[in-house]
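Those sequence lines, one after another, are chains A and B.
In terms of the working numbering, the numbers along the first sequence are unbroken and rise by one, the last being 113.
In terms of the working numbering, the numbers along the second sequence are unbroken and rise by one, the last being 115.
In short, the hints are calculated from the structure, not lab data.
Using N, Cα and C, we set each Cβ at its ideal position, and we do this for glycine too.
One thing to keep in mind: the hints can contain errors.
[To be verified] Partial pick of chain B residues on the chain A-facing surface, computed with a CB cut under 8 Å:
(1) Gly42
(2) Leu43
(3) Phe45
(4) Tyr48
(5) Asp56
(6) Gly59
(7) Glu63
(8) Phe65
(9) Phe91
[As the list claims (entries may be wrong)] The calculated lysine-lysine pairs, modelled on BS3-like cross-linking and capped at a C-alpha distance of 30 Å, are:
(10) B:Lys27 to A:Lys56
(11) A:Lys105 to A:Lys60
(12) B:Lys44 to A:Lys56
Chain residues, written in single-letter form:
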Amino acid sequence: GNSVTQMEGPVTLSEEAFLTINCTYTATGYPSLFWYVQYPGEGLQLLLKATKADDKGSNKGFEATYRKETTSFHLEKGSVQVSDSAVYFCALAAGGGADGLTFGKGTHLIIQP
Amino acid sequence: NAGVMQNPRHLVRRRGQEARLRCSPMKGHSHVYWYRQLPEEGLKFMVYLQKENIIDESGMPKERFSAEFPKEGPSILRIQQVVRGDSAAYFCASSPPVSGTNEQFFGPGTRLTVL
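If we strip away everything but chain A, and leave its shape as in the complex, we get (with noise of 0.2 Å):
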């Protein structure tokens, strides 16, 4: 079947630091590749997406790009805010219709002034 394995948190960095959350994933097919962010007591928010291979997702200075050859979408950032502590999650879908997403644990990100 599919997962998604993320690397576990929490993980606390200072303001300004560099930023990556690994993630890999085992999947038939070629799925479509998601990162999720969850502010505290809120819902979940798309941050960017991924759908086929070598393409790379990015929105407010986050970054991933999708390796299908290593298995793996691990997300980045090059200097991290305070404003960006939350939870991470990678997910995926299977390629080909509309399924139930497939999330990891999700990675506890404290940035710190």
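Since the structure of chain A is provided, determine the placement of chain B on it from the hints.
Chain B only, in chain A's frame:
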């Protein structure tokens, strides 16, 4: 364009009672998904519905849980005879009829507490 609406936002039930969670998808969206998030866990897919049809309920517990998405009105997730283990955040998501990427838009969730 209003986003996905869920109500109530918080629901408290005693063991053995019924819980009804409602979800109104975004305008123009005909696909609805329900997910459950247990404390310190990621979201787990429960069920996928289109209007008047259950498409995939592979993530639904076999007993006590049911879902519907009638022709008119919101989607309902119903939990009968709740137990403490049902305490969780329940999220609804919707997507438009044609979406090659299966991008889903999430509601704010209903936090169920079973006493």
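Evaluation of the provided hints:
no., hint, verdict
1, Gly42, "holds, 4 Å"
2, Leu43, "holds, 5 Å"
3, Phe45, "holds, 3 Å"
4, Tyr48, "holds, 5 Å"
5, Asp56, "holds, 7 Å"
6, Gly59, "holds, 7 Å"
7, Glu63, "violated, 20 Å"
8, Phe65, "violated, 15 Å"
9, Phe91, "holds, 6 Å"
10, B:Lys27 to A:Lys56, "holds, 29 Å"
11, A:Lys105 to A:Lys60, "holds, 23 Å"
12, B:Lys44 to A:Lys56, "holds, 26 Å"
In summary, the structure is inconsistent with hints 7, 8 from the numbered list given earlier, while agreeing with the others.
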